[in-house]
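Trainee: Protein sequence lines correspond, in order, to chains P and G.
Per full-length UniProt numbering, residue 1 is the first one in the first sequence, and the count goes up by one each step.
Per full-length UniProt numbering, residue 1 is the first one in the second sequence, and the count goes up by one each step.
Honestly, the hints are just simulated from the structure, not real lab data.
It should be emphasised that the depicted structure is a prediction, and the values quoted were computed from it without experimental measurement.
One or more hints might be untrue.
Which copy? The list can't say, so a pair holds if one copy fits it or any two copies do.
[What the hints assert, rightly or not] Calculated pairs, EDC-like style, for lysine to aspartate or glutamate (alpha carbon to alpha carbon, straight line, at most 16 Å):
hint: 1; residue 1: 76; residue 2: 65
hint: 2; residue 1: 76; residue 2: 96
hint: 3; residue 1: 29; residue 2: 93
hint: 4; residue 1: 143; residue 2: 219
Number of protein chains: 2
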Amino acid sequence: MNAAFAKSSDYVGHAVAAIARLIREQDLKPGDRLPAETVLSSQLQVSRTVVREALRSLAALSLLELGAGKRPTVAKLDDEALCLMIDHGVMIDQIDIQQIYDARRTIEVRTAALAALRRTDAEAIQIIAHATAMAQDLLVPDKVMEHDIAFHLAVARASRNPLFALILGAFQNVTRETWPIGWRSRSSDAERQAMNALHLELAEAIAAGNPQSAAAMMERHFDSSLKALVAAGII
Amino acid sequence: MNAAFAKSSDYVGHAVAAIARLIREQDLKPGDRLPAETVLSSQLQVSRTVVREALRSLAALSLLELGAGKRPTVAKLDDEALCLMIDHGVMIDQIDIQQIYDARRTIEVRTAALAALRRTDAEAIQIIAHATAMAQDLLVPDKVMEHDIAFHLAVARASRNPLFALILGAFQNVTRETWPIGWRSRSSDAERQAMNALHLELAEAIAAGNPQSAAAMMERHFDSSLKALVAAGII
DNA sequence: TCCGCAAACCTGTCCTACAGGTCTAGGAAA
DNA sequence: TTTCCTAGACCTGTAGGACAGGTTTGCGGA
Chain P
1 MNAAFAKSSD
11 YVGHAVAAIA
21 RLIREQDLKP
31 GDRLPAETVL
41 SSQLQVSRTV
51 VREALRSLAA
61 LSLLELGAGK
71 RPTVAKLDDE
81 ALCLMIDHGV
91 MIDQIDIQQI
101 YDARRTIEVR
111 TAALAALRRT
121 DAEAIQIIAH
131 ATAMAQDLLV
141 PDKVMEHDIA
151 FHLAVARASR
161 NPLFALILGA
171 FQNVTRETWP
181 IGWRSRSSDA
191 ERQAMNALHL
201 ELAEAIAAGN
211 PQSAAAMMER
221 HFDSSLKALV
231 AAGII
Chain G
1 MNAAFAKSSD
11 YVGHAVAAIA
21 RLIREQDLKP
31 GDRLPAETVL
41 SSQLQVSRTV
51 VREALRSLAA
61 LSLLELGAGK
71 RPTVAKLDDE
81 ALCLMIDHGV
91 MIDQIDIQQI
101 YDARRTIEVR
111 TAALAALRRT
121 DAEAIQIIAH
131 ATAMAQDLLV
141 PDKVMEHDIA
151 FHLAVARASR
161 NPLFALILGA
171 FQNVTRETWP
181 IGWRSRSSDA
191 ERQAMNALHL
201 ELAEAIAAGN
211 PQSAAAMMER
221 HFDSSLKALV
231 AAGII
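Could you put together the complete structure from these sequences and hints?
Mentor: Following this line, the structure appears as structure tokens:
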């Protein structure tokens, strides 16, 4: 299927491809169990070692879930694997903070609009709750940060497009590292309260089902964050 | 670092975390070599089996590159791993085509604008070349498709944000499967020529360095594609 | 100083073994 | 008859040894 997994005499690569094909052809869904390692081993005509390494590869991408005593199980995607990838990309200077910021902005303006259109009432309440909590814990940066991150993820989930939630979730680690910089760059309490107020207005636009307003608010949020970072000389 | 890799007595998970930490703490860059498996094995106090499975996990995410006789080397991210993940998400109905379409639209409107601002002359020429080639091979759908995909990826690369190229690249496989549907849904040659004309106009807007126009063109492109698919009853 | 080669090094694969977790068939109890 | 429970079968996680063949390195010669 893919070049990197297809070098001739790359047994593990072939096994990965074969197992991925197996999932596809048998139309397996999350929770469904694959054949045992020894069975795969004899079916694919490779050692159990090779099968195990192939299974690990797929588990790393969270296509599979492995567990002692349990047969390999088809899994749902989650953002952990992607998170590791993004972190690595930043580490090796393949991606910089500004690029992540731009990607977030691009996507989050959309998730805000979609969330306004599609959020359930429960989601609206949750989003407002995070925005409110940010204002309440104004003196405890760690709490503000966690609510901020949770706020944005809640919006992403409310957009009803799991791709957005997946991608934005993958930025979490990076955000956790850069967030305090943004916080410190807002030197006065007034600025910090203004940021929180913006979150709350955004939450209310989403709750009110107003996509234009939600998108505009999200744009303003990113504009002001970016301005704060630039002012602090970070970007 | 991550929950899924931290279950106590999950040796492989610990090894993955330790190796990822190693890369981070030593600030290794693509091409740099890690210690040999046996060295890692004794440093981490686990068997070579465990080390190998950990290395495979990281290689699956393309954080590492493995090769017979070669020590593990730090790698650049590429879209293959992400591609497998997206394909799987579609397979298990976690993601549907429309959601991918919306993600693409959201991101590609941005890449079009950025490409107009940042493209090099060589990139502008290449983008125009793909658009031209689409029109030339109008009777050979496969060729049109490949140029279409290459066109969009070239725009993504010209945006100078590797995240966008990474994400859009991951949609390639899905696009290859759905593209022919869109093609067939444009029943007349006139419609198909109109689509190609739109690509060419977009390419020219990017070459002319006009971001507003490029973004608007990209929006029109997605609107008309979506309309064609809806008309065909696909979405 | 440069080149080439042999030895040292390293990975890919296979095998065996066993501890301990999980599942299931079938018997016991209600 | 149905439900519950358990013993045994099944399965994975980890360890360690072996060897083929690819890669790197440092030595010796030109």
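Trainee: Work down the list of hints and note, for each, if the structure agrees.
Mentor: A quick look at each hint next to the structure:
Taking CA atoms no more than 16 Å apart as the test, residue 76 paired with residue 65 passes inside one copy only; the shortest distance there is 9 Å, against 26 Å between copies. In this assembly of identical chains, residue 76 and residue 96 lie within 16 Å of each other by CA distance solely across copies; the values are 14 Å between and 29 Å within a copy. Taking the shortest Cα distances, residue 29 and residue 93 sit within 16 Å of each other only across copies (8 Å), while inside one copy they are farther apart (37 Å). Taking the shortest Cα distances, residue 143 and residue 219 never come within 16 Å of each other, neither inside one copy (24 Å) nor across copies (39 Å).
Of the numbered hints listed earlier, the single one contradicted by the structure is hint 4.
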